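Peer 1: Sequence:
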Amino acid sequence: MKMGIVTTDIGSVILYVEEGYLVRIELTERALLPVDLPPFTSQLVEYFQKERTSFSLNFRMEGTDFQRKVWQTLMKIPYGSIVTYCGLSKELFGSEGCRYARAIGQVLKRNPLPIVVPCHRVVAKNGLGGFSSGTCWKKYLLSLERGENLF
DNA sequence: GCTATTAGACCCC
DNA sequence: GGGGTCTAATAGC
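Letter by letter, the first sequence follows residues 3 to 153 in our numbering.
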């Protein structure tokens, strides 16, 4: 497994590449030194430099049908825009309202590829909502994309 | 299988 | 704002 590291203003982003596929991204508040630059790393660097708003890379995600369905829908959220857990629930299951909002939160919590699969663009109906790597990352990513602090 | 957990939402005070 | 309730997928037992 190859690793790539991108350093940002508030911490480091670690990319794990396996057999030519991006399989995991970890966000940490620690500052790590870049050791090598496997494929995909440069795209993350460009993203943090605001020179990239979408990714073009081979990635692999394993999960249940429900998880894949949610992750797939996340990929359609445009750069800089936000949706709510409730809104996602309605989009996926129609008239059943916000019933799945909480389950969707559980899926996003286990998103192995944050940033690339943009779970940071999903917020609660009244507030920021959580984030697996800490809400300061979520705030940072949203302000990076939107150029304003919403929360 | 069952139980506890949870990155939500809603209601009432 | 705090407390209770409904809710559904998951992890762990």
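Keep in mind the hints are simulated off the structure, nothing from the lab. The model shown is predicted, which means the values in this text are computed figures rather than measured ones. Any given hint could turn out to be false.
[As the list claims (entries may be wrong)] Each pair of labels, with its calculated beta carbon distance range:
id	residue 1	residue 2	range
1	Ser58	Asn128	14 to 24 Å
2	Glu53	Glu150	17 to 27 Å
3	Arg101	Gln51	35 to 45 Å
[Unchecked claim] Below 25 Å or equal to it, Euclidean Cα-Cα: the simulated DMTMM-like pairs (lysine to aspartate or glutamate) are:
id	residue 1	residue 2
4	Lys141	Asp67
5	Lys111	Glu147
6	Lys141	Asp11
Just so it is clear, CB atoms sit at the ideal spot from N, CA and C, and this is done for glycine as well.
Peer 1: Compare the structure with each hint and give your call.
Peer 2: Hints and how they fare:
no.: 1; hint: Ser58 / Asn128: 14 to 24 Å; result: 35 Å, violated
no.: 2; hint: Glu53 / Glu150: 17 to 27 Å; result: 19 Å, holds
no.: 3; hint: Arg101 / Gln51: 35 to 45 Å; result: 40 Å, holds
no.: 4; hint: Lys141 / Asp67; result: 29 Å, violated
no.: 5; hint: Lys111 / Glu147; result: 20 Å, holds
no.: 6; hint: Lys141 / Asp11; result: 13 Å, holds
Comparing the model with each earlier hint shows violations of hints 1, 4; every other hint is respected.
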